[in-house]
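A.B. asks: Sequence:
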Amino acid sequence: MDEAIRVDVRQASTGARLGTFCCVAAGGEGQPWSAQVTFQGATDPAVVIVASTGGHYQGVEAFAVTAIRTAD
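The numbering of the sequence shown is this note's numbering, which starts it at 1 and goes up by one.
Hints are not guaranteed to be accurate.
Here are the simulated distance ranges between beta carbons [what the hints assert, rightly or not]: (1) Y57 <-> S13: 10 to 20 Å; (2) P45 <-> A25: 32 to 42 Å; (3) A71 <-> G28: 29 to 39 Å; (4) A71 <-> E29: 26 to 36 Å; (5) E3 <-> P45: 10 to 20 Å; (6) V24 <-> Q58: 31 to 41 Å; (7) G28 <-> R69: 10 to 20 Å.
These are calculated hints, taken from the structure and not from any lab test.
Only a predicted model underlies this, so the values are computations on that prediction, with no experimental measurement involved.
Using N, Cα and C, we set each Cβ at its ideal position, and we do this for glycine too.
Build the full structure now, drawing on both the sequences and the hints.
C.D. replies: Below, the structure is given as structure tokens:
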């Protein structure tokens, strides 16, 4: 399998995933990609979005993290 990107939505107050999208093809270096993740149960004012690849040598080989505010 070629590289694939998994996207998780989490919050700081709990270790559980609020939503997951698995997986979108990585497509090569410098290639754009997008994913829509449905999530529920957020109680923190912001959620953390984690995009990761892996599986060839380790469970996670590369990752990026960002955060967004949840809607009121």
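A.B. asks: Could you run down the list of hints and mark each one as holding or not?
C.D. replies: Cross-check of the supplied hints:
no.: 1; hint: Y57 <-> S13: 10 to 20 Å; in the structure: violated, 32 Å
no.: 2; hint: P45 <-> A25: 32 to 42 Å; in the structure: holds, 33 Å
no.: 3; hint: A71 <-> G28: 29 to 39 Å; in the structure: holds, 34 Å
no.: 4; hint: A71 <-> E29: 26 to 36 Å; in the structure: holds, 34 Å
no.: 5; hint: E3 <-> P45: 10 to 20 Å; in the structure: violated, 33 Å
no.: 6; hint: V24 <-> Q58: 31 to 41 Å; in the structure: violated, 20 Å
no.: 7; hint: G28 <-> R69: 10 to 20 Å; in the structure: violated, 32 Å
The earlier numbered hints that this structure contradicts are 1, 5, 6, 7.
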